[in-house]
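Peer 1: Got chain A; can you put chain B on it based on the hints?
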Amino acid sequence: MNTDKRLIRKDSLENLFDILRKKNKIIYAPVSKNSKIIFNKVESFQEIATGYVQTVQSPKEVYFPRFETVLEYTMSKDNISVESVNPDDIPEVILWGVRPCDAMGIGILSAIFNQDFDDEIYNKHLSHLTVLGFSCNKADEYCFCTSVGGNPGNTEGSDILFTQLGENGDYLAEIITEKGWSVVSLAEGLFETAGEINKNQFLADLPSMFEIDEIRKNLENIYSSELWTEQSLKCIGCGACAYVCPTCACFDLQDEAHGKLGRRLRCWDSCGFSLFTLHASGHNPRQLQSQRWRQRIMHKFSYIPEKLSVFGCTGCGRCSRACPADMNILEYLISLQEATI
Amino acid sequence: MDELKKKATELLESLTVKVVIGYEEGTAGRTRALFAEKPEDACRLIYDSRCVQNLATYLTKREVRDKGRIAIEATLPVMRSIIQLAAEFQVSDANLLVLGITPDGKLIEFGNLAEVEAFIHQYPIEINQQDREELAKIEKMTPAERWKFWTDELSLCIKCYACRAACPMCYCDRCTVDCNQPQWIPVPSHLPGNLEWHIMRAVHLTGRCVDCDACYNACPLNIPIHLLTKKMVEEATVHFGGYQPTIKGEHIMSTYRPDDKDNFIQ
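Chains A and B are the protein sequences, given in the same order. In our numbering, each residue's number is its place in the first sequence (first place is 1) plus 1. For the second sequence, counting from 1, position 261 maps to 259 in our numbering; every step adds exactly one.
Excised from the complex, chain A in its bound form (with noise of 0.2 Å):
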């Protein structure tokens, strides 16, 4: 399937909506509530927020969310029956107004998810996903996409990337999946041709800030390091960066039980809390916050990608703006390449 370069007017995006509305497609889409911007479940165009850099949360939680059940149960007097939830009932959704960072990030969590095991509610929900991405206009202090291999114009993970052609402009579509191309079908007349369009002059200009190889060469050296209490002094020991991160993955699982009934489920979990690794004999392998915190670099900028050839990090800056204690991961990241032992 090649990429394919249509033109979209302005005042169709709310025509192209409708007509999936109608078709009875559940979208998500960014809102303004409490004065931030969040992905909601959206049922006209008009909810949809506009001029704002990030989401406060990725989209992860359409795909992952932060607890879903995977097996439910009945006891009875003498028997114990299990029943794993069906993946179809999964329902079909379309994400919209994702950006590039963000579909870049559904790439980082499937390789997580099937690394050595093939996640089927995982999997599914990606199956069931179509994600309609926009490109960035604008980049704020705490992005760095294009330090960690993306760029605000990245269609790496969207099945249609939405350009826009300057303030106000129509939009470049580029439609890029077979899923890209279902959407296309059910509004045909809204996608013009396009002639040559050179996108680039209207994304976002952000500049590359560190090395990454710098840093994973660095981090083979620095385990051991004082730089790490330094870092995580400040750090309060919340899991606010874990749970706005696009590709933080880490679960728990928890049962429920209501009499002779019950379900299990995963919850969203983070490297952040010192309960994630405290033994049941009592014993913690990560009993201080820079443990936590070396852990969370490590596994991002180390682990992830020396197993799955993938940076665990898509550069979106959203633990940084939503850290209550300043914590700014770019900040760190500058420094751990000029880090010595």
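FYI, nobody ran anything at the bench for these hints, they're computed from the structure. Hints may be right or wrong, so weigh each one.
[Claimed, not checked] Keeping only pairs whose Cα atoms sit at most 25 Å apart, straight-line, the calculated DSS-like set for lysine-lysine is:
1. A:LYS218 with A:LYS23
2. A:LYS34 with B:LYS5
3. B:LYS4 with A:LYS34
[Said to hold, decoys possible] Partial list, computed: chain B residues near chain A (C-beta under 8 Å):
4. GLY24
5. GLU61
6. ILE156
7. ASP176
8. PRO186
9. ASN220
10. ILE221
[Said to hold, decoys possible] The following residues of chain A were derived to be distant from chain B, with all beta-carbon distances above 12 Å:
11. THR4
12. ASN25
13. GLN47
14. MET76
15. ILE91
16. ASN138
17. ASN169
18. GLU193
19. SER282
The C-beta atom is built at its ideal place from N, Cα and C for all residues, glycine as well.
Peer 2: Frame of chain A, contents of chain B only:
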């Protein structure tokens, strides 16, 4: 805040303290905690209206405690937190020196925590006008409207526990919500789990909350959870005449009288 920098430098040079916790310029126009351990670090200390993070939350953090005696740049809410922590045996004169910032932004040095206590008692805990209006608005709702308000807000909660981590009074090594055998509070961040967590948080903070807004400021989703604890401050005012953090004294939620007008205790 030249006096603050000067004082911090002196304390570090004379080895009176091992670390001075204060605010420094952060990223993107924010401020953040500074842990000054060398005299030359002290020049980075700042104070202005952006400095609202409650630094007292670091006083119970193991890596910070392990450094030795601490001096802390303390605004009024931070001072209140310190006195409450002293009442709960978490800090003492032996490990802490307070560099107070008065409500009009001046450095005030304290010889000991008793002086800090006397200072904060000049300023009763009072819910500000804007939050009082918010609370009144919720109070006027019908139970159905109020239920909708809170379920709408709290269904956003992702249980990142930033509120808990930012609060100086939430220092337990193992919080009740972390206990899953038995599971007192549902772990998943579904609506019942979120409601129970935030109700429990508000109740555990009743009589201890110093009204600093750290929980709300930390929430990545701007959920107005501070209104729950503020409501409890109001309730404490109505039923018990209010409270002030006090090093030695009775706390409204952990004391009783045999002649209580309600008979549930007897």
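Peer 1: Give a verdict on every hint.
Peer 2: Hints, verified against the model:
1. Between LYS218 of chain A and LYS23 of chain A, the direct Cα distance comes to roughly 52 Å. Violation of the 25 Å bound is thereby established for this hinted pair.
2. For the hint linking LYS34 of chain A to LYS5 of chain B, the alpha-carbon distance of about 44 Å lies beyond 25 Å, and the restraint is violated.
3. At most 25 Å may separate the alpha-carbon atoms for a hinted pair to count; LYS4 of chain B and LYS34 of chain A exceed this at roughly 44 Å.
4. A least Cβ separation of about 4 Å between GLY24 of chain B and chain A falls short of the 8 Å threshold, and the interface hint therefore holds.
5. Interface hint status for GLU61 of chain B: upheld, as the beta-carbon distance to the closest one in chain A is roughly 6 Å, under 8 Å.
6. Interface hint at ILE156 of chain B: satisfied, since its Cβ lies 5 Å from the closest Cβ of chain A, which is below the 8 Å cut-off.
7. Taking 8 Å as the C-beta contact cut-off toward chain A, the hint placing ASP176 of chain B at the interface holds, the least distance being around 5 Å.
8. With a cut of 8 Å, the hint placing PRO186 of chain B at the interface with chain A holds, because the nearest CB-to-CB distance is about 4 Å.
9. Contact between ASN220 of chain B and chain A, as hinted, is supported at the beta carbon level, the nearest pair being about 4 Å apart and thus within 8 Å.
10. For ILE221 of chain B, the interface hint holds, the least distance from its beta-carbon to any beta-carbon of chain A being 7 Å, beneath 8 Å.
11. The non-interface label for THR4 of chain A is consistent with chain B: the shortest C-beta to C-beta separation is roughly 35 Å, beyond 12 Å.
12. No Cβ of chain B comes within 12 Å of the Cβ of ASN25 of chain A; the nearest lies about 24 Å off, and the non-interface call holds.
13. The Cβ of GLN47 of chain A lies farther than 12 Å from every Cβ of chain B, with a closest approach of about 19 Å, so its non-interface assignment holds.
14. Annotated as non-interface, MET76 of chain A keeps its C-beta farther than 12 Å from every C-beta of chain B; the closest such distance is 17 Å.
15. No beta-carbon of chain B comes within 12 Å of the beta-carbon of ILE91 of chain A; the shortest separation is about 17 Å.
16. At roughly 19 Å from the closest C-beta of chain B, the C-beta of ASN138 of chain A stays outside 12 Å, upholding its exclusion from the interface.
17. Even its closest Cβ contact with chain B, about 28 Å, leaves ASN169 of chain A beyond 12 Å, as expected for a residue assigned away from the interface.
18. The claim that GLU193 of chain A is not at the interface with chain B holds, since no C-beta of that chain comes within 12 Å of its own (minimum 39 Å).
19. The non-interface label for SER282 of chain A is consistent with chain B: the shortest C-beta to C-beta separation is roughly 14 Å, beyond 12 Å.
Comparing the model with each numbered hint stated earlier shows that hints 1, 2 and 3 do not hold.
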